[in-house]
Amino acid sequence: MLFYSFFKTLIGQQVTVELKNDLAITGILVSVDQFLNIKLDDIHVVEEQKYPHMMAVKNCFIRGSVVRYVKLPASAVDTALLQDAARREAQQPTVPAPR
Amino acid sequence: MTEEAVPVVEPNAVEEPLDLVRLSLDERIYVKLRGDRELRGKLHAYDGHLNMILGDVEETITVVEINEETEEEVIRTIKNTAEMLFVRGDGVILVSPPSRTGA
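One line per chain: the protein sequences are Y and D, in this order.
Residue numbering for the first sequence follows full-length UniProt numbering, beginning at 1 and increasing consecutively.
Residue numbering for the second sequence follows full-length UniProt numbering, beginning at 1 and increasing consecutively.
Read the hints as simulated data drawn from the structure, not as lab findings.
Incorrect hints may appear among the rest.
What the hints assert, rightly or not - If you want a taste of the chain Y side facing chain D, the calculated C-beta under 7 Å gives, among others:
hint, residue
1, N59
2, R63
3, V67
4, Y69
5, L81
Stated by the list, open to error - Think about it this way: if two alpha-carbon atoms lie no more than 25 Å apart in a straight line, the pair counts; the simulated DSS-like pairs of lysine-lysine are:
hint, chain 1, residue 1, chain 2, residue 2
6, Y, K8, Y, K50
7, Y, K58, Y, K71
8, Y, K71, D, K42
9, D, K79, Y, K39
10, D, K42, Y, K50
11, D, K32, D, K79
12, D, K79, Y, K8
13, Y, K8, Y, K58
14, Y, K58, D, K42
Where a beta carbon is used, it is the ideal one built from N, C-alpha and C, also for glycine.
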């Protein structure tokens with residue numbers, strides 16, 4: 001849930017999504033869901049000469065499972081908040097509490 | 001005999017493997033990924049899938065190429081950097097805290 005909430009805070013930012021097939025797409029983050037599926041607007045492929053078949057595509061949906069990386073603007077990320085959230089998430093018991 | 005051992009939960013204790021990752025928050029770590037990729041960067045967040053957010057990241061991709069003429073294997077590394085990177089956990093092979101690797 002942490003990363004779902006985190007990506008929701010990044011809606012409207014420009015991000016670069018690198019896929020497992022090495023295709024990298026830059027665009028404005030429009031929406032995200034619990035599977036970390038991603039919708040991007042105003043997209044362009046980073047290596048357009050190498051992958052010209054995407055030139056006409058202006059927006060897209062990316063299945064979360066094919067994502068390798070998402071490059072983010074550091075200015076849009078509150079790292080202290082993220083670390084606190086990660087610690088809190090780690091404390092949530094994954095096994096039922098004793099008795 | 002009936003005395004039950006009440007586990008004392010120390011915040012810094014390593015009880016399960018992921019605790020090791022928790023203790024690496026705000027530290028530089030080394031991450032080995034599928035596809036001969038390695039990352040070094042500062043860990044800002046992670047979850048149970050090993051999805052992660054890393055800061056000031058250096059990515060190293062190792063490529064083995066065969067020289068056409070000599071048929072020798074040439075190992076080439078490609079380095080990339082990113083200031084802030086989300087890494088999807090399904091590609092992660094191992095995560096190592098900084099001290100061992102000097103990441």
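### Query
What hints, given by number in increasing order, does this structure fail?
1, 2, 5, 6, 9, 10, 12 and 14
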